[in-house]
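Using the hints, put the two standalone chains together into the complex.
Chains as they are written, first to last, in the working numbering: chain C, 1 to 271; chain F, 1 to 243.
If you are wondering where the hints come from, they were derived from the structure by calculation, not from laboratory data. Owing to the predicted nature of the structure, the values given are computational and were not obtained by experimental measurement. The beta-carbon is built from N, C-alpha and C at its ideal position, and this holds for glycine as well. Keep in mind that the hints are not guaranteed to be accurate.
As the list claims (entries may be wrong) - Below, computed lysine-lysine pairings styled on DSSO-like, alpha-carbon distance capped at 27 Å:
1) F/LYS198 / C/LYS125
2) F/LYS161 / F/LYS198
3) F/LYS205 / F/LYS240
4) F/LYS205 / C/LYS125
5) C/LYS123 / F/LYS198
6) F/LYS82 / C/LYS123
7) F/LYS205 / C/LYS123
8) F/LYS240 / F/LYS198
Stated by the list, open to error - Computed spacing ranges between beta-carbons, pair by pair:
9) C/ASP188 / F/PRO119: 22 to 30 Å
10) C/THR209 / F/ARG101: 50 to 58 Å
11) C/GLN239 / F/VAL175: 20 to 28 Å
Each chain, letter by letter, is given below.
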Amino acid sequence: MRTRLIALMAIALMVVFAPAAMASSHTGLVTVVHGIPGATVDVYVNGDLTLEDFEPGTITDPLELPEDTYDMEVFEAGADPDADDPIITGSADLTAGANVSVVAYLDADGAPTLGVFANDTSKLKAGDARVTIRHTAAAPAVDILVGGEPTFTDLANGDEVVADLPAGTIEAAVALAGTTDPVIGPADVDLAEGVNTIVYAIGSAEDGTLDLLVQTISGLHEAPTGVESGLGGLKAAEQQRAAQLPWAIALASIALLGAGAGVRRAVLSRR
Amino acid sequence: MLGAVLTHRMIAWTITAAILAAVIGAGATMLLADTPVELTAASDTATPQATPAPTPTPTPTPADDTAEPRTATPSPPKVDTKSALLDDVNAEQEPSPTQLRVDAIGISDSPIDAVGIEPDGSMEIPTDVSRIGWYEYGPAPGEPEGSAVLTAHIDNRTQGKGVFYDLDALDPGDVVEVGMSDGTSRTFVVHEVRQIPKVELPTGKLFRRDGPARLALITCGGEFDSSSRHYRDNLVVLAKPAD
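Only chain F is shown next, with the shape it has when bound in the complex (with noise of 0.2 Å):
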């Protein structure tokens, strides 16, 4: 009888002690919340995409009854979906550059072409040293993400002066007009005019698909190197749209 009273009791007092620990665990749960939540943001973003793509083991099994019942495990978000046959995937033209305008040093609609690579890797240039090549492998001038760039020799051996040749007398505040193939116009307002080293130009940056959206005037500057008939430098503008 008092074995049976005791047990009872016991079985009470574990009960309540279950309880109290449930209740302090969440609270300790609620308290450290944060935490776990810091740390997994901070070790994703220090390894964005470091780990090689690992091969994923395909294990596809004929249908059979033997599913299991519904439960409520973690599942992912419910997406989106959209179109992918061919026709529809197929990319739209956009407006491409086709002209430039910078009254302050001159340059009234020369001609823009598209471009995009050398054999050795750097950017394609139009040989026509009064023609401007866009690189169409980045934005265009006045979408909404990006850096678009234009670059143009400064000056060649046997035709002379480039349209770029007085690049650098531009200021900050300057007003640079891109005429585009659907007819309109995108103003740009230059805020920075930069001579860098060639071996130190910060082609990531001035290439980046995302990011603020801006122009970016390239050509060449400084020192000529006569043996290898390449200047040491680019000259670097950089303008943001006009609002």
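The following block holds chain C by itself, in its conformation from the complex (with noise of 0.2 Å):
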């Protein structure tokens, strides 16, 4: 009877410190990246209604949460939960510090999924941009041509590839692997310094539905390692001859008493 007691009061106790003690002192970063066109849907996270119709071409903003692992279900905007089928179902295992896209987007045979894809948000060099692109369509393998030039090769669906480049817009299209006829763009597409530009291309070529959606991470530039101002050395002779300019006086001075002194000197030895 008293271990039962002991055991009632210690499960009281839980009950009560339990919420406390959850939670959690990390947190990581997570953004939803909506890539299946023409279809609005409602987001539940761990069974609760977080994004109302979610519509597609969209993104939402960076959600910082406790790490955790979260599920998602996916519906048809305005579907009851209880009663209908998700579209697509999953889970995400968050971790501290971790920059992460949730993705719901089509396979290569057109079914919709959820994707988690990690954000490289490491530091880049003053002048330098990040691009990332993400294969996230019905589509099969593609190159990615930049300036018509086929740059990032043979990437299959759920497939992505990550550059630093200096700064600046690109111009990028997306090719059937092998080929350079653009199944999507040729597009211009700008790459900010200090920022992770992730483009996703989306939709379905069956359907005619295929394009580009961009998501950016910034602050992840670093500052110029100096500023080189100068190569002439005129203002530091300028200031080394105002420097000077007391000494060449004392000295003038000193060499014209001297020369007084001889002039005086030979004048009274004339006497």
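Okay, structure coming up:
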């Protein structure tokens, strides 16, 4: 009986303290991307309606969430989550310090799926930009053409490429692997300095809904290493002259005095 | 009979004890409530983005009928969304600085060029010593946050004195005006003039893109190393937006 009493007290204490203990001390950032054309959806996270009427081609602001595993269910907008079937379900492990994109997209066969991509938020050299290209379209493997040239080749559905390059605008296009005839683009993509610009190829080749979506992560910049703003040395020379002037006057005065004394002596000796 | 009474009494005690424990526990939680929050904040600030991005495990599963019933588990707050279509994302052109006027040292409408980075990682500076460079990756003068940077060569062996030759003659209170590409003009007031050894130049602060809005004018100063053909110091003028 006594042991049962202690056990009950223990359970009571656990129930009371559980919420405090569950408060996680570390967080990660999550951006949700909707890359399935034509389907406005409701997104439930851990059973709660989190994104209502989430439209194709939109993304969320980055969400700061405690590290945890999140279960996600995507329903047609307005569906009853208790009665209707979700379009997609999935889960994501969020670790402290991570920056991830959760992407609703079509797999190579055109079936809706959820993907979790880790975003590269490492610092960039001053003047550089980062581009991430993700194949999230219902299409076979593709090549990414930059300025018309195949630059990243044989990217399959669910794959990504990441590259750091000087900031500027690139002309990007997507072609089926081994070809140079664009199925998306060419389109100008601004690659801002200090920013990871993430480009998603989305939609379906079959339905003619291929398109590009863009997510940006800023604040990855570093400062220039210095400012080399003088090559002539004129200012230094001028300052040096200015500094030398009193000495020059002093030397001249001594010389004059000496000369004066010499003249005087000469005059005296002539007498 | 007696046994039954005892048992009932014991059950009553057990329930009472459990309720008491719950009440005490709740009180303790309320008292302790501040502590975990503080600890959380402290440990978060101690390791901002310090951990490498781990690889999350994508575990998409096909839709099925076994979805659990909805419960009141902790969930993220509702969030704002925005269009990710390429045309909506490509940045609009903000006005950029085009000319500088500093009456106190005789700079009248000197032209400003947008510049970036030299191959060695230092800031690019117009080779023409009569022109000023604006670091285009940082804020433009007059943006609400961060440090806008303008630099010019102090001099050049063949071209002679540069537009920033007399920058060291500026004093706190002097007025700096920046003309913008949209025809507007933004006024700043000098509050600090400093000569800093180049090796100690606080580039992280001078080029920061957040924090209070200000304008930094930078050139060279101090002794000239004739073997490397570089000055040893930087001259930095900091100005705040005029109210």
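Has the given pair, F/LYS240 with F/LYS198, been kept, meaning a C-alpha gap of at most 27 Å? holds, 23 Å
Run the distance test for F/LYS198 versus C/LYS125: straight-line Cα separation, threshold 27 Å. Status holds; Cα separation ~20 Å.
CB-CB spacing for F/PRO119 and C/ASP188 relative to the 22 to 30 Å hint: Given about 25 Å between the Cβ atoms, the range holds.
Given the proposed pairing of F/LYS161 with F/LYS198, does the C-alpha separation stay at or below 27 Å? holds, 20 Å
Regarding the pair F/LYS205 and F/LYS240, is the alpha-carbon distance no greater than 27 Å? Satisfied, since the Cα-Cα distance of roughly 15 Å is no more than 27 Å.
Between C/LYS123 and F/LYS198, does the CA-CA distance stay at or below 27 Å? holds, 23 Å
Hint check: F/LYS82 vs C/LYS123, CA-CA at most 27 Å. Holds or violated? holds, 25 Å
For the pair supplied as a hint, F/LYS205 and C/LYS125, is the alpha-carbon distance within the 27 Å limit? Roughly 16 Å separates the two Cα atoms, so the pair holds.
Starting from the range 20 to 28 Å, see whether the pair C/GLN239 and F/VAL175 falls in it by beta-carbon distance. holds, 26 Å
Determine whether the Cβ-Cβ distance between C/THR209 and F/ARG101 falls within the hinted range of 50 to 58 Å. The hinted range 50 to 58 Å holds for C/THR209 and F/ARG101, with Cβ atoms some 53 Å apart.
Decide if the proposed pair is consistent with the structure: F/LYS205 and C/LYS123, CA atoms, cutoff 27 Å inclusive. Between F/LYS205 and C/LYS123 the Cα gap is close to 16 Å, so the pair holds against 27 Å.
Taken one by one, the earlier hints all hold for this structure without exception.
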